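Between the sequences and the hints, there should be enough to build the whole structure, so can you do that?
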Amino acid sequence: MTEHTAPDSPATDLWTLANAKARLSEVIDRAQAGPQIITRHGKPNAVIVSVEEWARKTARKGTLAEFLLASPLRSGDLELERVHDAPHDELP
2 MTEHTAPDSP ATDLWTLANA KARLSEVIDR AQAGPQIITR HGKPNAVIVS
52 VEEWARKTAR KGTLAEFLLA SPLRSGDLEL ERVHDAPHDE LP
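Residue numbers for the sequence shown follow our numbering, beginning at 2 and rising by one.
Simulated from the structure, these hints should not be mistaken for lab results.
Everything numeric in this text was worked out from a predicted model, so none of it was measured.
Below, computed lysine to any residue pairings styled on SDA-like, alpha-carbon distance capped at 25 Å:
id	residue 1	residue 2
1	Lys22	Gly43
2	Lys22	His42
3	Lys62	Gly35
4	Lys62	Ile49
5	Lys58	Gln33
6	Lys58	Ser72
7	Lys58	Arg31
8	Lys22	Ala47
9	Lys22	Val50
10	Lys44	Glu27
11	Lys44	Asn20
12	Lys58	Val48
13	Lys44	Arg24
Below is the structure:
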């Protein structure tokens with residue numbers, strides 16, 4: 002990653018907070034091609050991505066039931082032992 006500093010520098014994905022604030026339109030335009038990382042005090046702090054990328058990353062890929070049914074542990078011989086203590090709300 003290279004830090005974006007000059008207006009005529011090539012496309013990059015790393016911006017200081019001050020540069021990102023001053024050139025927000027450019028940051029958004031460049032986010033259409035790839036994630037734009039904004040740093041604060043030299044450390045990565047936020048990422049700007051296109052709406053399409055966000056939708057792709059956050060799309061549900063199935064239900065919890067489907068995930069559990071596909072688990073490799075489902076057919077395993079996992080032995081679990083249950084403790085039969087009194088319920089917490091009935092403790093003295």
